[in-house]
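Asks: In the order they appear, the protein sequences are chains A and B. First residue of the first sequence: 6, per my numbering; consecutive thereafter. First residue of the second sequence: 6, per my numbering; consecutive thereafter.
In case anyone wonders, no lab produced these hints; they're calculated from the structure. Among these hints, one or two may not hold up.
Intra- or inter-copy, both count: the list cannot distinguish identical chains.
To be verified - Heads up, simulated EDC-like pairs for lysine to aspartate or glutamate below, C-alpha to C-alpha not over 20 Å straight-line: (1) Lys140 x Glu512; (2) Lys52 x Asp480; (3) Lys169 x Glu467; (4) Lys413 x Asp38; (5) Lys413 x Glu386; (6) Lys233 x Asp198; (7) Lys389 x Asp368; (8) Lys413 x Asp168; (9) Lys506 x Asp149; (10) Lys494 x Asp87; (11) Lys389 x Glu467; (12) Lys264 x Asp168.
What follows is each chain in one-letter form.
Protein chains: 2
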Amino acid sequence: MAAAALLSNGGVKTPATGRYAAVYSEVQNSRLDHPLPLPSVLKSPFKVVDGPPSSAAGNPDEIAKLFPSLFGQPSATLVPGDSSSVQELKIGVVLSGGQAPGGHNVISGIYDYLQSHCKGSTLYGFRGGPAGIMKCKYVVLTSDYIYPYRNQGGFDMICSGRDKIETPEQFKQAEETAIKLDLDGLVVIGGDDSNTNACLLAENFRSKNLKTRVIGCPKTIDGDLKCKEVPTSFGFDTACKIYSEMIGNVMIDARSTGKYYHFVRLMGRAASHITLECALQTHPNITLIGEEVAAKKETLKNVTDYIADVICKRAELGYNYGVILIPEGLVDFIPEMKLVLGKGNLPPSLFILFDLLPLAIQDQLLLERDPHGNVQVAKIETEKMLIQMVETELEVRKEGGSYKGQFKGQSHFFGYEGRCGLPSNFDSTYCYALGYAAGALLQSGKTGLISSVGNLAAPVAEWTVGGTALTSLMDVERRHGKFKPVIKKAMVELEGAPFKKFVSMREEWALKNRYLNPGPIQFVGPESNAVNHTLLLELGAQV
Amino acid sequence: MAAAALLSNGGVKTPATGRYAAVYSEVQNSRLDHPLPLPSVLKSPFKVVDGPPSSAAGNPDEIAKLFPSLFGQPSATLVPGDSSSVQELKIGVVLSGGQAPGGHNVISGIYDYLQSHCKGSTLYGFRGGPAGIMKCKYVVLTSDYIYPYRNQGGFDMICSGRDKIETPEQFKQAEETAIKLDLDGLVVIGGDDSNTNACLLAENFRSKNLKTRVIGCPKTIDGDLKCKEVPTSFGFDTACKIYSEMIGNVMIDARSTGKYYHFVRLMGRAASHITLECALQTHPNITLIGEEVAAKKETLKNVTDYIADVICKRAELGYNYGVILIPEGLVDFIPEMKLVLGKGNLPPSLFILFDLLPLAIQDQLLLERDPHGNVQVAKIETEKMLIQMVETELEVRKEGGSYKGQFKGQSHFFGYEGRCGLPSNFDSTYCYALGYAAGALLQSGKTGLISSVGNLAAPVAEWTVGGTALTSLMDVERRHGKFKPVIKKAMVELEGAPFKKFVSMREEWALKNRYLNPGPIQFVGPESNAVNHTLLLELGAQV
């Protein structure tokens, strides 16, 4: 490897040591050499076997109309067998949407697959997300270019973006790029929207008789892009471990100080997977799960009362402290708040609710709207709102004599610090396999599939590898009178093993203090190869 | 060790494994067995050698009057020699003030010293801080009781408190406890105020002819309790590593997304040591150091302009993102803000400044006052204030044509999550030595000293051990017409090596992106035994 300036941020590798001293910390450097084992099936000759025809997650007739070329295509599984013929490929890769730890390893996996199976291939990295495809803004990814990003967090190798390829003009631009670069394939690394977009692109290329095939990869720390064949999205494992370290520290602080209730809001947008996983890792006194709040049609008053009830019971036991986890999207799960958050004017029936809200939150509701008139949920400081509402409720109870404790709230928001951490060993390995699989699927001529790596509770050698028809994950939503295909977000299942495990424990956690402090992500030593609880429980393992 | 319920939170040790599965994570468990090496001088027979008579940090005449029994006493150094005679001791220990990682190890060190040098001794842990001394609320610390807290964060073994022993009645209560428990000694683990209090207690016991001796230990994550003999306070190393991990992650996020300026406020109260250390570990684009702002007599407008200047220059280079570190105490360093923050009514000259402040901050300034009428600086969201002020300034520049970039601010406060983390290897070992030294000083009949472990840039074996006269760290302040002894807070020295190193780098960091992501605290592997930059630089090492 040359001693050239390799990194986008100006780092120069020291040939003698193989280290990037100027721009990388010791831990970053040490991660470069962390080994990335492959599932056995990817290490020997393999062939791709098709399963039965697929359908859709809902409204198959509409999905069939929207994807005439792709609908019904089978999922693919890699099994030992004759390797397909070696051919040079031209492949593009794009990162779409918010960061998730491990994205760089997907790219490393694609690259290494091409190197070992299709010598002479070219990998183009589109810069800045889907806009890079439309503008044909790319970099040719070489071994030297990719190596410094191995097992590193962030998306800074080629950066990401939130543009979508939607209009006929935009599809046309994408076609022009595919033709100009003579692309055999494109890997779209993204969340539910980006993978829907990837499938539309696959359909479009196929319908135009372009050779460019499209494979998606499941990315989001939120953990809400998953199904039977795609057991988890990458980044979730790392983000939860980083948040849980911080929560564990705050718990020790709470117990040591004995006088604060820490209200911790956690990133995770629509679904509450991150909050649930962090609860399973740390055992907080109170955990709000948005999906449960919605299912029980709870009001803001119900939620406030639930928190206040636990605080009162704890006060009787002599505990005037605790830790409360709150999912970022909570307010979106409360039916009455949904109305407050919606477009247009407030229905008169909700004036009273609105008046109950702390002033600062009223401001946020009135001011923090996006260009479409929607409230930007991520900007609402739900943790501060709840502190004030609980405080008010406890004052009432104090006057009534039913509460004799002391209440002091401390608010936290853990978000950005988890999105770009150094990927855990699990995410590092999982992403590398996802990328490798994407390469194999493209070489086998597949399109419109999402890279699928399964059997994740087993040792890496036994992981299964294949691709799932993106159309099989889809349903339609009616928008502006038209059906739009969507991959349904996987919400927390109230009948699922992770939630049930949590329910079986939460009363004990509420009143007894069963705090667990997982400590920093461990790359070496105990637990360094442990997988998150959600995934293990969903896979039927005992945790 | 018995299989009894050992932990305050109800954990039971599994005899077969020696683990605390129900209440401890794997990492917490693994830390229990992390070895704690001792400086060589503590491993062989040693004697205590006195240095020359000491003076005071300022106003020695007044300090001499305040401490007639203790003033002028020499510092003590442990050197190889005949061990002092074995005697049973009764020692008390108390944790005072806010948490800092490593407090439990100080207690472990005292205990292990007594076990190995004064068999049959008793160690009392006063519960809930100095109030535990006054109320004689204690627990007898046994091997079984202490072991589960070895190398663990927090102060939950005996908890802490912020009470002071100040009035004649309170001193009387402390005397009663000392007599009742027949205490030979007391170790006060605390910050500057608590160590001042420890010295007053030592003086009081001595003047009353009680045998109870008092030794202090330097504790505070803020890093502002230090001097030549006490090179650092414990907890600073761990807290900075935890904050730097988070900052490093946010940096990768900033670079990947390319559209946010992250304003990160860091705990650390009066002094900016934590912010400076985190800057040295991570290389942010902008770092505000309170002591520099004060020395240059900068206004809030100056600070805003400085940030806006860097943002404008970066925009010209195509960077519309960055990371800015802000010390918690910043507003206290800005002369005009000091007036706004002070008691009483706002001078008319400052109405204009006040009007410039964002509304939410005006509210905080008006409402968040403590019972003494002072603004609670920790509650002012300086990071949000600066975002709004910078935004306004950049809008003006945009209209004037001197700024063409895009500005979006994201605010963060990193505080509680760092105070109670699992102590770094350095803090674990340093604290154990501090406790061990405190035991040795008490056995040697010393009082009014602060446990001092030095030569910290060298291997642990070569660390020096002794005690420094607390009166030598003191000056007086006039309060309510009376002289009060105080240990002066050690502020960031603008002529010191850490600040100079920072100054030599900050222009490069501002415009080029030299972000370093230190990654999670590493207990094993690369950098796991590295010491923080501030300490190494202050000790003259090259970093």
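Asks: Confirm or reject each hint.
Replies: To see whether the hints hold, each was checked on the structure:
1. In this homomeric assembly, Lys140 and Glu512 never come within 20 Å of each other (Cα to Cα): the closest approach is 55 Å inside a single copy and 34 Å across copies.
2. Proximity of Lys52 to Asp480 under the C-alpha cut-off of 20 Å is found in neither arrangement, the shortest distances being 30 Å within a copy and 80 Å between copies.
3. Within a single copy, Lys169 and Glu467 get their C-alpha atoms no closer than 36 Å, and across copies no closer than 62 Å, so neither meets the 20 Å cut-off.
4. Taking the shortest alpha-carbon separations for Lys413 and Asp38, neither the intra-copy value of 46 Å nor the inter-copy value of 36 Å comes in at or below 20 Å.
5. Within a single copy, Lys413 and Glu386 get their C-alpha atoms as close as 17 Å, and across copies as close as 18 Å, so both meet the 20 Å cut-off.
6. Taking the shortest alpha-carbon separations for Lys233 and Asp198, only the intra-copy value of 19 Å comes in at or below 20 Å, while the best inter-copy value is 59 Å.
7. In the homo-oligomer, the alpha carbons of Lys389 and Asp368 lie at most 20 Å apart both inside one protomer (13 Å) and across protomers (15 Å), since each shortest distance falls under that limit.
8. Taking the closest pair of Cα atoms, Lys413 and Asp168 come within 20 Å of each other only across two copies (18 Å); inside a single copy the shortest separation is 43 Å, beyond that limit.
9. In this assembly of identical chains, the alpha carbons of Lys506 and Asp149 never lie at most 20 Å apart, being 46 Å within a copy and 32 Å across copies at closest.
10. Taking the shortest alpha-carbon separations for Lys494 and Asp87, neither the intra-copy value of 37 Å nor the inter-copy value of 73 Å comes in at or below 20 Å.
11. Taking identical chains as interchangeable, the C-alpha atoms of Lys389 and Glu467 are never at most 20 Å apart, the minima being 46 Å within one chain and 50 Å between chains.
12. For the homomeric pair Lys264 and Asp168, the shortest alpha-carbon distance between copies (14 Å) is at most 20 Å, but the shortest distance inside one copy (46 Å) is not.
In terms of the numbered hints stated before, the structure departs from hints 1, 2, 3, 4, 9, 10, 11, listed from lowest to highest.
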